[in-house]
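A.B. asks: Just so you know, my numbering puts 577 at position 508 of the sequence shown, and the rest follows in order with no gaps.
It is worth saying that the hints were derived from the structure and are not from the lab. A portion of the hints provided could be inaccurate.
[What the hints assert, rightly or not] In silico SDA-like pairs for lysine to any residue, Cα to Cα no more than 25 Å straight-line:
1) K130 with W109
2) K188 with T454
3) K188 with N149
4) K439 with C108
5) K431 with W109
6) K188 with D485
7) K328 with I436
8) K489 with S456
9) K431 with D485
10) K130 with M273
11) K439 with H409
12) K470 with A481
13) K514 with A151
14) K470 with K328
15) K307 with Y289
16) K370 with Y301
17) K470 with G421
18) K130 with L227
19) K423 with A481
Computed from a predicted structure; not experimentally measured.
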Amino acid sequence: MEIKVREMAMNSYTVFASMLLIGYVISTPLSTIDETEECWTMPLYPPERPRVFLTLSPLAKSTAGGNIQQRQIEINWHGNRAVAQPGDWIGLYEHDPVNNPTLPLRQIAVDGRNNGYHKTDVQFGFPTIDPQLLIEDTCLGYWIGYIRNGVTISINCLKIRPSWMWQNREILGPVSIRQLFLPGTHNSGSYRPYNGHSSDTVFMRYLICQDEDIFHQLAYGIRYLDVRVGYYPEREDKFWLNHNYARVNPLRFLIEDLKTFLEATQEVVILDFHRFPVGFSQNTQRNRETHAQLVQLLLDKFGDFMVPSSYGSMASLNDLWAINRTLIVVYADDWTRSSHPFLWPSIPQEWGDKRNVDDLHKYLSGIDKKRYDSDYFWAAMAELTPSTMDVLFRPNDGLRKLADNVARNVTAWYRDLWWKTTSMTAVDFFHSTDIIDVAIDASLKRVHCSNLAATTLTTTPTTQHTMAEERTGQDRRRFYLGPRNLDITGSTLELTSSLSVTSLSPRMTARRRRTKNTTAVLTQNLPVTTIHSV
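Throw the hints in and build the complete structure from the sequences for me.
C.D. replies: Here is the structure:
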């Protein structure tokens, strides 16, 4: 009798322990999955306080007195889920307002608005950036602060972000390039500052897409360059950066600027030769010879920087840093690319050819849903496009006006809706948006959220795997870097072993010396991951 009672007690204990174990197996993944889902569904930026940022108006004009008005500083704030309080105000400063929120250049009352925008009369100008100082984020003389009860609760500044990949290498290094959100410029080579009346022709208004040269685009943080090249054999500079059929700048300018940047940093840049609108006859021997000349020029100037296309878009930043090659050259001519291992396949550009903001949003929203699971790069062209009728009947508008119409919407779309999934976004007059900060911060948050998902799928019992995968199937968008790409470290190691450095050519493995200048920067440097908060 005593033995039976003991056996019954043991059986009860076994049942109870099994129930506890089952409860652990079932409950643990749910909490982990909930944490992962919350990471993906929360706003890109912390909701506890409003976010502030500065942009530059793309509009420009000559005043009656002959002065040029351009690049006016714009004050922007976004409340996330924080509620504005009575007495809140925002200031534009020439000093960091963290410890001294007094004496703003301009002061704007929030007046209960959780989101807002104000264009000031303060002009930013064109500061020259020393290539020797491309080390870290550096403010360029103007700050914005959100002030509540005399205390600065949120700050930001106009800044360069010349080394954002390298600064965040511990987080972004193991991640494939495809899994990053890369900020880009549309028609990157069609740049020119506003020069007064010479820039006020109808032709120029509808020609120029950027007001920074290639070097400064990269220094501010752009990593995807969209270029179109024309060939003019009768000119001293035979290759030009075009906007469709119009010459804008010699290709030589891009080569010089890009090489200066690559030599000074460890940043990975994608250079997309997307079209060849002039001088490249289709399917002829002359066409092949012209392409051969262009490719040879690229190899001569960038050969030591170019990444072999065999690495593929799932190669990590660490993979490219390991061989000291940081330039991905994309080339749209299939025949030419087939015989050159350093030319990458064309990147699909999702261009909507839309005239208004609503139509562009609808188009980009559909593209985002279609492309989010793509293995290769793709670029959302987030700009409005004029029609022939616009040029004829709105001669005083132009691309600057169209950029101003859509810029604040583009910032909101990619900050609030599409930060999880976009591969690259190219814009006109990039300073008019916050796309650089949004892309960088989105890349960092993607890694964080995906690491949570990776923990769920790789460190919990089989039952948890099943439940996580089932939830993932219901909404794969929340697991953008997974489940198939969740094992980030493993995939990186696999790529590294299959592309052993010792198997590459001597030219490929030769490392360039990139000296880092440690000269003190006069303007204040802000930490990458805390730049938006106090």
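A.B. asks: Decide if the proposed pair is consistent with the structure: K514 and A151, CA atoms, cutoff 25 Å inclusive.
C.D. replies: holds (20 Å)
A.B. asks: Is the Cα-Cα distance between K188 and T454 25 Å or less?
C.D. replies: holds (24 Å)
A.B. asks: Decide if the proposed pair is consistent with the structure: K470 and G421, CA atoms, cutoff 25 Å inclusive.
C.D. replies: At roughly 18 Å apart (the allowed maximum being 25 Å), G421 and K470 satisfy the hint.
A.B. asks: Is it true that the CA of K130 sits at most 25 Å from the CA of L227?
C.D. replies: The hint holds at about 22 Å.
A.B. asks: Sort out whether Y289 lies within 25 Å of K307, counting only the CA atoms.
C.D. replies: violated (29 Å)
A.B. asks: Is K370 within 25 Å of Y301, Cα to Cα?
C.D. replies: Answer holds: K370 to Y301 is near 20 Å, not above 25 Å.
A.B. asks: Take the C-alpha atoms of K470 and A481, compute the straight-line distance between them, and say whether it is at most 25 Å.
C.D. replies: This hinted pair holds, its Cα atoms lying about 19 Å apart.
A.B. asks: Does H409 lie within 25 Å of K439 when you go C-alpha to C-alpha?
C.D. replies: violated (31 Å)
A.B. asks: Quick one, are K431 and D485 close enough, alpha carbons at most 25 Å?
C.D. replies: Given pair K431, D485 holds - Cα atoms ~15 Å apart, limit 25 Å.
A.B. asks: When you check the alpha-carbon spacing of K431 and W109, does it fall within 25 Å?
C.D. replies: holds (22 Å)
A.B. asks: Does D485 sit within 25 Å of K188, going by the straight-line distance between their CA atoms?
C.D. replies: Distance of about 22 Å is within 25 Å: holds.
A.B. asks: Given the hinted pair K439 and C108, is their alpha-carbon gap at most 25 Å?
C.D. replies: holds (23 Å)
The structure does not agree with the numbered hints 1, 7, 8, 11, 14, 15 stated previously, though it agrees with the rest.
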